[in-house]
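Asker: Put chain X on the given structure of chain A with help from the hints.
So the sequences go chain by chain: A and X. In terms of this note's numbering, the first sequence is residues 203 to 643. In terms of this note's numbering, the second sequence is residues 69 to 363.
You may find that some hints are simply not true.
With a straight-line Cα cutoff of 16 Å, these simulated EDC-like cross-link-like pairs (lysine to aspartate or glutamate) come out [claimed, not checked]:
(1) A:Lys-363 - A:Asp-373
(2) A:Lys-571 - A:Glu-465
(3) A:Lys-363 - A:Asp-393
(4) A:Lys-315 - A:Asp-502
(5) A:Lys-314 - X:Asp-113
(6) A:Lys-457 - A:Asp-393
(7) X:Lys-322 - A:Glu-599
(8) A:Lys-619 - X:Glu-314
(9) A:Lys-571 - A:Asp-585
(10) A:Lys-562 - A:Glu-590
(11) A:Lys-295 - X:Asp-217
(12) A:Lys-473 - A:Asp-501
(13) A:Lys-457 - X:Asp-217
(14) A:Lys-389 - A:Glu-452
(15) X:Lys-322 - A:Asp-606
(16) A:Lys-548 - A:Asp-563
(17) X:Lys-322 - A:Glu-429
(18) A:Lys-314 - X:Glu-120
(19) A:Lys-592 - A:Glu-429
(20) A:Lys-562 - A:Glu-291
(21) A:Lys-473 - A:Glu-368
(22) A:Lys-389 - A:Glu-465
(23) A:Lys-457 - X:Asp-113
(24) A:Lys-315 - X:Glu-120
(25) A:Lys-457 - X:Asp-206
(26) A:Lys-363 - A:Asp-501
Residues from chain A shown here face chain X by an in silico Cβ test under 8 Å; the list is partial [unchecked claim]:
(27) Asn-274
(28) Thr-276
(29) Thr-300
(30) Gly-404
(31) Gln-604
(32) Asp-613
Don't read these hints as lab results, they were simulated from the structure. Note that the structure is predicted; figures quoted are calculated from it, not measured. Built from N, CA and C at the ideal position, the CB exists for glycine as well.
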Amino acid sequence: MNHRRSHRGLIATLLAAAIAAAGCTGGGASSEGADAEAPDDPSKVSGTITVLTHRTDIVQDGTMDRYAEAFNRTYPKVKVEFEGITDYEAEVKIRMNTEDYGDVLMIPAVIKKNDYPKFFASLGTEEERSEKYRFTDYTAVDGKVYGQSPIGVTPGFIYNKRVWREAGVTDWPTTPDAFVTALKAIKSKTDAVPYYTNFAAGWPLAQWTTVNGSVGCDTGATTKLAEGDPWAEGADLRVADELLYDIVREGLIEKDPTTTNWEASKPRTAKGGIATQWLGSWAIIQFRQAAEQAGADPDDIGFMPFPAQQDGTFCAVVAPDYNQAVNVHSDNKPAARAWIDWFTEKSGYADDNLALSPLKDAALPDVLKDYEAAGVTFIETEDSRGGEVKEIDNASEVGIYQPDYRQELVDMARGAKDGELDDYLAGLGERWTEAATSLGS
Amino acid sequence: MERLPNAVKARKLLTPWLFLIAPLVLLIVFTYAPVANMLVYSFTDWDGVSPELSFTGAGNYVDIFTRSELFQVFLVSGYYLAASVVQIALALYFATVLSFDVRFRNFFKGVIFFPYLINGVAIGFVFLYFFQDGGTLDSVLGLFGYESDRAWLGTSTSANVSLAGVSVWRHLGLNFVLFLGAVQSIPGELYEAAELDGAGRWQQFRYIIAPGIRPVLSLTVILSVSGSLSVFEIPYIMTGGATGTETFVIQTVKLAFQFNKTGLASAAAVVLLLIILAVTWVQRRLVPDDKVDLV
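So that you can see chain A by itself, here it is in the shape it has in the complex:
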């Protein structure tokens, strides 16, 4: 009996099994191309659906269950269950290697647009849906739409109105230079930090990419990213990054950016310790709640567009939040579809979040009354090449949706890293255009 050989044989078998298991990366695409059709009769549709959501806060406080109750008044036979996921992107990405990723889910940003038909059931044609809904082209592949965002958001500066008034600035700055001047006034006349970068959290810096479109008031801004250098002279991202650089270089930010605290920045802004942050309309409600909790006046929280005007008017880009979609492997597609339609149109979710409605004929929310008064133009950028932009971004490793390059930019502006802004942005542009060329666009 040769023990040694039998051991080896067993280990070889086990390794072979491990490697065989390694070969699989998850489900085939057998259900590809399925449609999730809206049910005709609400009283007949039945089944239990699971909704994956990133909104763990409103799952926990029962708000979601109240939506489900209201939904059940129209669709009595559908049972809706929620699964709130804290690290939504990372966790759902991994689950999507299987077929078990809920019946309704928010489309994770990592999924390539061209893969949508493999993962999600279509909600209808773009032609038909775009009459009623906003943002249809964000999830459209070959004329079919795969998701629908329940809210629209617009990027902008959250600011403390009282602090800005105390500094003597009552009108929104209309140029980046005027904006820097306003921040300087805040620095000299008040105790507030003029601009808070949230450098440590990182993602608030990534938000600066949402400036794209507001400077040139151009609906083709996303397409321009796919076609050219985003940091060319006068391009939207360059204008944004230059403004950020100037703010930091002039010392108009917090003393130590490397230890910032996002949660604490909300009450500090509400109480006037921080004057300004570049975020989006989605953040207004959070800052107002923080104000209430901190005993400050929620009406001090203001919202202003990027300091750039075309023909004398500001421009605000309206974009979708996470898009809701139906799992292509779901056994309850009609019920799932019914939930998305109801949640988009009838739930009041957009109003509850002080957000823009995804319906084209809806009125602006109250928080954007200032925008209406100031005659701000709302535009939607065309997203037919949005998928390509993401691919260029990944291939070039520039990361316009990631904080890293702006963290370096901030470090450079405050002198913690050597380098010139022009060279740095030119380097980014070079990497970007090279990647675009090698992807063959």
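Answerer: Okay, now just chain X, sitting in the frame of chain A:
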């Protein structure tokens, strides 16, 4: 010799494997299968989620070795390497001192080992507050009359030194316990004999303790070097790799999860594994693991 019946023979063969099933299954499912997976992915262009992937041969490896900037992050490991020298020296010092009769000996042992029991992520968060402007460190320095107005994580050097300091605080305990165990396994008579011969504390350390713990020391050095090359938790939680604190593992994670280059990131992970194996091998060649014989 009498031949055993077949059934008994089979059982004799089978029994050890039955005992081994549980650990082997765990080991294979959670260690070898993922590593095999990673090896396979490293030859593909998989993005981590798409149902389709294509094999690109050695493309990812060519990519890694032709992009020198991917290796620049190893310079950051230098800080942690320097820190581990300090760490080993401190651990050795404390282990030696506390192996003799000292007042509150067990209390100090606990104090030194305790940080190692805390989760690395929690440590990251705690030290974020520690290094904040006006945070714990500044207040403590203030008590001693030193008003620092320093952003501890503000510049690349300062941030890396601070982070390496946290790393020393965290891992000192493990080194200390390993050394303490080794020191205490040295028979007590040796010290007595040495004292009779008139050896002082330093001589006892130099000629009894140091040679006695040599195998543990060389193990610790190997662990420290490979640990310095693959630092992750503390800088990832505290700075996310900003301000020049990015390590090779952080870079790999970013490739995989920010830029969806799972294939390339797998290849980078394999390269790191090979580098660590190579460094360990070189180290073993330079300092062979001799048998120690004190008596």
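Asker: None of the hints should be skipped; say for each whether it holds.
Answerer: Structure-based check of each hint:
Under the criterion of a C-alpha separation no larger than 16 Å, the hint pairing Lys-363 (chain A) with Asp-373 (chain A) is consistent with the structure, at around 11 Å. With a C-alpha separation of about 27 Å, the suggested pairing of Lys-571 (chain A) with Glu-465 (chain A) is violated against the 16 Å cut-off. The straight-line distance between the Cα atoms of Lys-363 (chain A) and Asp-393 (chain A) is roughly 14 Å, inside the 16 Å bound, and the hint therefore holds. Using a Cα cut-off of 16 Å, the hinted pair Lys-315 (chain A) and Asp-502 (chain A) is violated, with the two alpha carbons roughly 40 Å apart.
For the proposed pair Lys-314 (chain A) and Asp-113 (chain X), the alpha carbon gap of about 14 Å is at most 16 Å, so the pair holds. Between Lys-457 (chain A) and Asp-393 (chain A), the direct Cα distance comes to roughly 13 Å. Compliance with the 16 Å bound is thereby established for this hinted pair. Distance restraint check for Lys-322 (chain X) and Glu-599 (chain A): the Cα-Cα separation of roughly 9 Å lies within the 16 Å cut-off, and the hinted pair is therefore satisfied. A threshold of 16 Å between alpha carbons decides the hint, and for Lys-619 (chain A) with Glu-314 (chain X) the separation of about 14 Å falls inside it, so the pair holds.
At most 16 Å may separate the alpha-carbon atoms for a hinted pair to count; Lys-571 (chain A) and Asp-585 (chain A) exceed this at roughly 27 Å. In summary, the hint linking Lys-562 (chain A) to Glu-590 (chain A) is not supported, as the alpha carbons are separated by about 26 Å, beyond the 16 Å threshold. Pair hint Lys-295 (chain A) plus Asp-217 (chain X) does not hold up; C-alpha atoms about 43 Å apart against a cutoff of 16 Å. Between Lys-473 (chain A) and Asp-501 (chain A), the direct Cα distance comes to roughly 11 Å. Compliance with the 16 Å bound is thereby established for this hinted pair.
With a CA separation close to 10 Å, the supplied pair Lys-457 (chain A) and Asp-217 (chain X) stays within the 16 Å bound. At most 16 Å may separate the alpha-carbon atoms for a hinted pair to count; Lys-389 (chain A) and Glu-452 (chain A) meet this at roughly 10 Å. Our distance criterion of 16 Å between C-alpha atoms is met by Lys-322 (chain X) and Asp-606 (chain A), whose separation comes to about 10 Å. Our distance criterion of 16 Å between C-alpha atoms is met by Lys-548 (chain A) and Asp-563 (chain A), whose separation comes to about 14 Å.
Distance restraint check for Lys-322 (chain X) and Glu-429 (chain A): the Cα-Cα separation of roughly 26 Å exceeds the 16 Å cut-off, and the hinted pair is therefore not satisfied. With a C-alpha separation of about 12 Å, the suggested pairing of Lys-314 (chain A) with Glu-120 (chain X) holds against the 16 Å cut-off. Under the criterion of a C-alpha separation no larger than 16 Å, the hint pairing Lys-592 (chain A) with Glu-429 (chain A) is consistent with the structure, at around 13 Å. Between Lys-562 (chain A) and Glu-291 (chain A) the CA atoms are separated by roughly 28 Å; this puts the pair beyond 16 Å, and the hint is violated.
Straight-line distance between C-alpha atoms of Lys-473 (chain A) and Glu-368 (chain A) comes to about 13 Å, which keeps the hinted pair within the 16 Å bound. Between Lys-389 (chain A) and Glu-465 (chain A) the alpha-carbon distance is near 23 Å, which puts this suggested pair outside the 16 Å criterion. Distance check on the hinted pair: Lys-457 (chain A) and Asp-113 (chain X) sit about 43 Å apart at the alpha-carbon level, beyond 16 Å; violated. A hinted pair counts as satisfied when its Cα atoms are at most 16 Å apart, and Lys-315 (chain A) with Glu-120 (chain X) qualifies at roughly 14 Å.
Distance restraint check for Lys-457 (chain A) and Asp-206 (chain X): the Cα-Cα separation of roughly 14 Å lies within the 16 Å cut-off, and the hinted pair is therefore satisfied. In summary, the hint linking Lys-363 (chain A) to Asp-501 (chain A) is supported, as the alpha carbons are separated by about 8 Å, within the 16 Å threshold. Taken as an interface hint, Asn-274 (chain A) does not check out: its beta carbon lies about 33 Å from the nearest beta carbon of chain X, beyond 8 Å. Here the hint on Thr-276 (chain A) is broken, as its CB sits about 34 Å from the closest CB of chain X, past 8 Å.
Taking 8 Å as the C-beta cut-off, the interface hint given for Thr-300 (chain A) is violated, the closest approach to chain X being about 11 Å. A cut of 8 Å between beta carbons decides the hint on Gly-404 (chain A): the least distance to chain X is about 5 Å, and the hint holds. Interface restraint check: Gln-604 (chain A) against chain X, minimum CB-CB distance 5 Å, threshold 8 Å, status holds. At about 6 Å, the closest approach between the beta carbon of Asp-613 (chain A) and any beta carbon in chain X falls short of 8 Å, and the interface hint on this residue holds.
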